[in-house]
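Q: From first to last, the protein sequence lines are chains F and X.
Be aware that the first sequence starts at 1, since it is given in my numbering, and climbs by one per residue.
Be aware that the second sequence starts at 385, since it is given in my numbering, and climbs by one per residue.
A few of these clues could be false.
[What the hints assert, rightly or not] Below 25 Å or equal to it, Euclidean Cα-Cα: the simulated SDA-like pairs (lysine to any residue) are:
no., chain 1, residue 1, chain 2, residue 2
1, F, Lys222, X, Gln643
2, F, Lys373, X, Ile522
3, F, Lys363, F, Thr287
4, F, Lys273, X, Lys547
5, F, Lys222, X, Ile517
6, F, Lys373, X, Leu649
7, F, Lys273, X, Leu649
8, F, Lys327, F, Glu136
9, F, Lys273, X, Ala445
10, F, Lys222, X, Thr387
11, F, Lys51, X, Phe603
12, F, Lys196, X, Phe603
13, F, Lys222, X, Ala445
14, F, Lys273, X, Phe523
15, F, Lys249, X, Ile522
16, F, Lys273, X, Leu645
17, F, Lys273, X, Trp526
18, F, Lys249, F, Gly266
19, F, Lys187, X, Ile517
[Claimed, not checked] Short derived list, chain F residues pointing at chain X, Cβ under 10 Å:
no., residue
20, Gly41
21, Gly47
22, Ala218
23, Gly219
24, Ala271
25, Lys273
26, Gly277
27, Thr343
28, Asn345
Hint data in this document are derived by calculation from the structure and do not stem from the laboratory.
Being a predicted model, the structure only gives us computed values, none of them experimental.
Here a beta-carbon is modelled for each residue, glycine too, at the ideal position from N, C-alpha and C.
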Amino acid sequence: MTVTFRALVAGVAAVGFLAASQATYAQDKTIKIGALFPMSGPGSYFGAQDKQGVELALEQLNKDGVNGYKFVVQYEDSSCAPLPATQAAKRLIEQFKPDVIIGEECSDATLAVMPIVEQAKVPLLNAGSSSIKVTEPGNPWTFRIMPNEVMQGVNLAENAYKRINARNAVLLFENTNAGIGNGQVFKENFTRLGGKVLAEIGFGRDVNDFTAIATRIAGLGKIDVIPTYTLEGQGLKITQALAQAGITKGGGGDAIQIGTIWLPFGFEQKAGKAALGYIRIVQFDPTDTRNVVKDFITTFKAKYNADPTHLNAHAYDQIMLIADVVKRGGKDPQSIRDGLAATKNYSGVTGSVEFDKTNQNTKMDTVHYMETKPDMSWTSLKWN
Amino acid sequence: MTTTIVLQQAINGVVFGSLYVLVALGLTLIYGVLVQINFAHADFVTLGAFAAYFFMHLIGAGYILSIGVAFLVGAALGWLINASIFTPLRRKGNELLPLIATIGVSVMMQNLMLAWFGPIPYAFETQYSSQVIRFAGIFVSWQNIIIIAVSSVTIALLYAFMKFTFLGKALRAVSQDRETAGLMGINPNYLIMLTFVIASALAGMAGAMLAPVLVLTPFAGTSVIVKAFAIVIIGGFGNVEGTILAGLIVGLIESYTTQFLDPGLIDIVVFALLLLMLAIKPTGLIAERREENV
Numbered sequence: 001m002t003v004t005f006r007a008l009v010a011g012v013a014a015v016g017f018l019a020a021s022q023a024t025y026a027q028d029k030t031i032k033i034g035a036l037f038p039m040s041g042p043g044s045y046f047g048a049q050d051k052q053g054v055e056l057a058l059e060q061l062n063k064d065g066v067n068g069y070k071f072v073v074q075y076e077d078s079s080c081a082p083l084p085a086t087q088a089a090k091r092l093i094e095q096f097k098p099d100v101i102i103g104e105e106c107s108d109a110t111l112a113v114m115p116i117v118e119q120a121k122v123p124l125l126n127a128g129s130s131s132i133k134v135t136e137p138g139n140p141w142t143f144r145i146m147p148n149e150v151m152q153g154v155n156l157a158e159n160a161y162k163r164i165n166a167r168n169a170v171l172l173f174e175n176t177n178a179g180i181g182n183g184q185v186f187k188e189n190f191t192r193l194g195g196k197v198l199a200e201i202g203f204g205r206d207v208n209d210f211t212a213i214a215t216r217i218a219g220l221g222k223i224d225v226i227p228t229y230t231l232e233g234q235g236l237k238i239t240q241a242l243a244q245a246g247i248t249k250g251g252g253g254d255a256i257q258i259g260t261i262w263l264p265f266g267f268e269q270k271a272g273k274a275a276l277g278y279i280r281i282v283q284f285d286p287t288d289t290r291n292v293v294k295d296f297i298t299t300f301k302a303k304y305n306a307d308p309t310h311l312n313a314h315a316y317d318q319i320m321l322i323a324d325v326v327k328r329g330g331k332d333p334q335s336i337r338d339g340l341a342a343t344k345n346y347s348g349v350t351g352s353v354e355f356d357k358t359n360q361n362t363k364m365d366t367v368h369y370m371e372t373k374p375d376m377s378w379t380s381l382k383w384n
Numbered sequence: 385m386t387t388t389i390v391l392q393q394a395i396n397g398v399v400f401g402s403l404y405v406l407v408a409l410g411l412t413l414i415y416g417v418l419v420q421i422n423f424a425h426a427d428f429v430t431l432g433a434f435a436a437y438f439f440m441h442l443i444g445a446g447y448i449l450s451i452g453v454a455f456l457v458g459a460a461l462g463w464l465i466n467a468s469i470f471t472p473l474r475r476k477g478n479e480l481l482p483l484i485a486t487i488g489v490s491v492m493m494q495n496l497m498l499a500w501f502g503p504i505p506y507a508f509e510t511q512y513s514s515q516v517i518r519f520a521g522i523f524v525s526w527q528n529i530i531i532i533a534v535s536s537v538t539i540a541l542l543y544a545f546m547k548f549t550f551l552g553k554a555l556r557a558v559s560q561d562r563e564t565a566g567l568m569g570i571n572p573n574y575l576i577m578l579t580f581v582i583a584s585a586l587a588g589m590a591g592a593m594l595a596p597v598l599v600l601t602p603f604a605g606t607s608v609i610v611k612a613f614a615i616v617i618i619g620g621f622g623n624v625e626g627t628i629l630a631g632l633i634v635g636l637i638e639s640y641t642t643q644f645l646d647p648g649l650i651d652i653v654v655f656a657l658l659l660l661m662l663a664i665k666p667t668g669l670i671a672e673r674r675e676e677n678v
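Looking at chain F on its own, in the form it has when it is part of the complex (with noise of 0.2 Å):
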């Protein structure tokens, strides 16, 4: 009785110490992941899209793990300002010791952010930040994968130059990094080509009124082509500021909106018949008949019945990339730095991946061209 007894004590000993060997084992064979996204505020819509990306790419991941490593993210709100964004990094850093951060989408939040990230070590994988700033000089955490300014300007002057024969422009943009830096970028390209910019207009992400400077713009005379950066929010108003005051297509005019990644698909519905004719890029090209593409959009339909946006891609984009890394070995801060950085021809749902020395994505194959059509749908121009 007293054998049996201390066997069975013994045993569930054994099981417990088994038990807790493997919950340990589990334990660490977990990636950790934070997310800076912008849950609030006027770029809210970044986060809410990012979060959707992320959450399709864990749960294919974690069905059966990556190397025997599982991935658990933590979100923080970051919400596309400095401020908030180095707040948000630091609590993530101190508390929930990543290996690996993923965000932020505003070029002025990332920016405040690599320092930080570069002090802990800990590997920074940006998609949404245009900034050249975040790559030149940049810092050996840092990672972009998206298209950087000048990669988005330079193509996108040459473009309306050549392709819409565009002579005379006037620049819309946010007065933020992001919004000057891609403004400036597409002024010195389109003017070296022969072009001239009529007007450069910058301003506040608290501006409402756009009727003023759509009244200002129809006062320059003959106009091409208005490259716009701004939110999408801002983005839908002013053009439909530009349609009711007759200066581009969407109102009778002859003017086309260009622009580069910073508006979500369903833009074009949201701002109506005003968007006629609107050309820009997006990070993501849903026509693209890769297989990556083509399940990736099986599966978000699945999962949350809508299309998915270049948001949702580029989010998911990130993880996937880390798992990549994982599955070439990568198991914390340092390893998926290391791997990060020898990425080789890495096929993404947005395009491709392959970094320079800067860490910045060498891969034109992310930039696509979309065109805004009478009924609010769109077509792939396929520049690229």
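Given the coordinates of chain F, assemble chain X onto it according to the supplied hints.
A: Just chain X now, kept in the frame of chain F:
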């Protein structure tokens, strides 16, 4: 050419100035009667905007009717929040508590709206947004004509109410000297409630008219509230006529700054005017008469 642009920007300025006036009038009414700043006012504007949006899109009602609904939703919410939060705090005799509570109400309302409506901007289009009248180089949308018309009628009615009705005179009496007004048989608590209801109704109505103009998110109201505060100070804290005048001036300043300087300088020009006003005439364009009890 230049005359056309000047005239066009004047129209643009009056449209936005009218909206600013509607928002600022609520602030100035509450300050006039309670000598209290309502930091939650912006969120009443936002809620009015969403009320109008959902009334139009879920029920399929017309835009004009939705403005009325936003007015009523604002009034009801003003009554509810004043009765449940501000009045009990005011009874405790500490004037700081209701002021802090307005900040709490603001944060709470913003986050509730964020949870309910989500962060993605709504496109609030009315049948009048895309209908544009063009005449001799000038353009104005029907939406903007409605804004000017509804704002003008509302402002005129409020002005008449304050000047010629018993309740309006009682409100002015309370704003000038609450204790003496109480001795004359006026019930200050009832009038405070009435002030909150009117101010919140105006905010709700302003929201319904701002929604097609500004970016509709749970934070929409905050984008106009700072200007509204500036207008209240420039106009003369608590003075209705001064607020109307200052609102139109700020609207025009915005338009002409955009045209002749740069839209990035709007805030600099408006707040430079505010500082100038504080330095030269701290009582504002039209000073509100107020008795000091000593």
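Q: If a hint holds in the structure, say so; if it does not, say that too.
A: Results for each hint:
1. Restraint check for F/Lys222 and X/Gln643: satisfied, since their Cα atoms lie roughly 17 Å apart, inside the 25 Å limit.
2. Taking the CA atoms of F/Lys373 and X/Ile522, the gap is about 28 Å. The hint is violated against a cut of 25 Å.
3. For the given pair, F/Lys363 sits about 19 Å from F/Thr287 by alpha-carbon distance, which is consistent with the 25 Å threshold.
4. For the hint linking F/Lys273 to X/Lys547, the alpha-carbon distance of about 46 Å lies beyond 25 Å, and the restraint is violated.
5. Restraint check for F/Lys222 and X/Ile517: satisfied, since their Cα atoms lie roughly 22 Å apart, inside the 25 Å limit.
6. A distance of roughly 36 Å separates the Cα atoms of F/Lys373 and X/Leu649; the hinted pair therefore is violated under the 25 Å criterion.
7. Annotation: proposed proximity of F/Lys273 to X/Leu649 is violated, straight-line Cα distance about 31 Å (limit 25 Å).
8. Distance check on the hinted pair: F/Lys327 and F/Glu136 sit about 29 Å apart at the alpha-carbon level, beyond 25 Å; violated.
9. For the hint pairing F/Lys273 with X/Ala445, the CA-to-CA distance comes to about 22 Å; that is within 25 Å, so the pair holds.
10. With a CA separation close to 19 Å, the supplied pair F/Lys222 and X/Thr387 stays within the 25 Å bound.
11. With a C-alpha separation of about 20 Å, the suggested pair F/Lys51 and X/Phe603 falls inside the 25 Å cut-off, and the hint holds.
12. Using a Cα cut-off of 25 Å, the hinted pair F/Lys196 and X/Phe603 is violated, with the two alpha carbons roughly 38 Å apart.
13. A distance of roughly 41 Å separates the Cα atoms of F/Lys222 and X/Ala445; the hinted pair therefore is violated under the 25 Å criterion.
14. The hinted pair formed by F/Lys273 and X/Phe523 meets the criterion: a straight-line CA distance of about 18 Å does not exceed 25 Å.
15. With a C-alpha separation of about 18 Å, the suggested pair F/Lys249 and X/Ile522 falls inside the 25 Å cut-off, and the hint holds.
16. Annotation: proposed proximity of F/Lys273 to X/Leu645 is violated, straight-line Cα distance about 31 Å (limit 25 Å).
17. For the hint pairing F/Lys273 with X/Trp526, the CA-to-CA distance comes to about 17 Å; that is within 25 Å, so the pair holds.
18. Pair hint F/Lys249 plus F/Gly266 holds up; C-alpha atoms about 19 Å apart against a cutoff of 25 Å.
19. Only pairs whose Cα atoms come within 25 Å are accepted, and F/Lys187 paired with X/Ile517 is rejected, the gap being roughly 34 Å.
20. The closest approach between the C-beta of F/Gly41 and any C-beta of chain X is roughly 6 Å, which is under the 10 Å cut-off, so the hint is satisfied.
21. At about 7 Å, the closest approach between the beta carbon of F/Gly47 and any beta carbon in chain X falls short of 10 Å, and the interface hint on this residue holds.
22. Taking 10 Å as the C-beta cut-off, the interface hint given for F/Ala218 holds, the closest approach to chain X being about 8 Å.
23. The closest approach between the C-beta of F/Gly219 and any C-beta of chain X is roughly 5 Å, which is under the 10 Å cut-off, so the hint is satisfied.
24. At about 7 Å, the closest approach between the beta carbon of F/Ala271 and any beta carbon in chain X falls short of 10 Å, and the interface hint on this residue holds.
25. With a cut of 10 Å, the hint placing F/Lys273 at the interface with chain X holds, because the nearest CB-to-CB distance is about 7 Å.
26. A cut of 10 Å between beta carbons decides the hint on F/Gly277: the least distance to chain X is about 16 Å, and the hint is violated.
27. Taking 10 Å as the C-beta cut-off, the interface hint given for F/Thr343 is violated, the closest approach to chain X being about 32 Å.
28. At about 34 Å, the closest approach between the beta carbon of F/Asn345 and any beta carbon in chain X exceeds 10 Å, and the interface hint on this residue is violated.
The earlier numbered hints that this structure contradicts are 2, 4, 6, 7, 8, 12, 13, 16, 19, 26, 27 and 28.
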